[in-house]
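There are 2 protein chains.
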Amino acid sequence: MKKSLGAHTLVYPTPVFIIGSYDHNDKPNAMTVAWGGICCSKPPCVTISLRKATYTYANIMLKKAYTVNIPSEKFMKEADYFGIASGRNEDKFQKTGLTPVRSSLVDAPYIEEFPFVLECRCIHTFEIGLHTQFIGEILDIKIDPALLDQADKPDIHKINPFIYDPGSGNYFSIGPQLARSFSIGQEISREE
Amino acid sequence: MKKSLGAHTLVYPTPVFIIGSYDHNDKPNAMTVAWGGICCSKPPCVTISLRKATYTYANIMLKKAYTVNIPSEKFMKEADYFGIASGRNEDKFQKTGLTPVRSSLVDAPYIEEFPFVLECRCIHTFEIGLHTQFIGEILDIKIDPALLDQADKPDIHKINPFIYDPGSGNYFSIGPQLARSFSIGQEISREE
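Which chain is which? The protein sequence lines are E and U, in order. Okay, so the first sequence: first residue is 1 according to the working numbering, each after it adds one. Okay, so the second sequence: first residue is 1001 according to the working numbering, each after it adds one.
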């Protein structure tokens, strides 16, 4: 018998996405969001949700572009800071010493030091309630080449991302590989 | 200097959500999705994306309701199977021996054996391309009471969810706790 917890924003896993955007003066900003994920395969799209009060909300509304930067554990402190401070009051790149790089594909900056970056053109917005949902078409992914495996594919443990737990308010690492998808379940398919 | 990988649906982390729904005969179905996540705090909402061809797509369009069931590692084989087979051809609950329970809040079943469940009323759909996005208002969360910590909060390691890596096609576990959010970044805030 399950216990009711009420209506909460709690699911596993929850990401730590750092959103790169430019303001009206082309000042780069970075903001941490935990609400988001891939939302379409063709065209490849990623969704993020933002409160209207954020500096990044106005930036994306203006520029119709953003980047999703995945921090490695090494940059956990910076990632957390990006979610605490507002670009309205602070230059977060100056404060962290991280480097904004202008995307050649969209009107948004990405973070040079972060291992993995999605460059997105905003193709849709939807007002849900406290949060507005943005859908961004992924035009390119950029990765630090040292983080590719021998087959030239991104290696999750080399990228070393981490997750957010909205329940406890803590960050957690990615653990060991468990099994292959579209594979271990076939045992059940074959049973008669 | 970063390397370009092209436009792909790859981000970290990516979830393993099992979607519970009823068909037109009230037959329960379960389907695995990897595209989704929380998308609004008030009202609390979770988004999932589905291809039109899926059995679950038609079910949710009909019933305007779904559940998001989080599998523990123990049910990795069943979770993988739910993503391989179609409810159009198989009774996935019968095949796995798992128990569908009718939600008292929405017209959808949840999986009794799974540790953590969101009961959702579908409040919006949006056609992106290959995938259609559904936004569900979370009306309640149900949890196995043994998985709460001493403060009666969900314990991520007791729930023991796992993640999907679309790059390698493998499942990974959740690793150790790293740090507290809205906390370790304050060090940077305080620096002058």
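Hints may be right or wrong, so weigh each one.
Unchecked claim - Below, in silico cross-link-like pairs of lysine to any residue (SDA-like), each with a Cα-Cα straight-line distance of 20 Å or less:
1. E:K3 x U:F1126
2. E:K3 x U:E1113
3. U:K1003 x E:E112
4. U:K1074 x U:Q1094
5. U:K1158 x E:S173
6. E:K42 x U:Q1094
7. U:K1064 x U:T1132
8. U:K1158 x E:P176
9. U:K1158 x U:S1173
10. E:K64 x E:H124
11. U:K1077 x E:A179
12. U:K1064 x U:K1153
13. U:K1095 x U:N1025
14. E:K27 x E:A58
15. U:K1074 x E:P176
16. U:K1063 x U:N1025
17. U:K1153 x E:K64
Derived by calculation from the structure, the hints in this document are not laboratory data. Remember, predicted model here, so these are calculated numbers, not experimental data.
Here is what the structure says about each hint:
| no. | hint | in the structure |
| --- | --- | --- |
| 1 | E:K3 x U:F1126 | violated (32 Å) |
| 2 | E:K3 x U:E1113 | holds (13 Å) |
| 3 | U:K1003 x E:E112 | holds (12 Å) |
| 4 | U:K1074 x U:Q1094 | holds (18 Å) |
| 5 | U:K1158 x E:S173 | holds (15 Å) |
| 6 | E:K42 x U:Q1094 | violated (33 Å) |
| 7 | U:K1064 x U:T1132 | holds (14 Å) |
| 8 | U:K1158 x E:P176 | holds (17 Å) |
| 9 | U:K1158 x U:S1173 | holds (12 Å) |
| 10 | E:K64 x E:H124 | holds (9 Å) |
| 11 | U:K1077 x E:A179 | holds (9 Å) |
| 12 | U:K1064 x U:K1153 | violated (29 Å) |
| 13 | U:K1095 x U:N1025 | holds (18 Å) |
| 14 | E:K27 x E:A58 | holds (13 Å) |
| 15 | U:K1074 x E:P176 | holds (15 Å) |
| 16 | U:K1063 x U:N1025 | holds (11 Å) |
| 17 | U:K1153 x E:K64 | violated (39 Å) |
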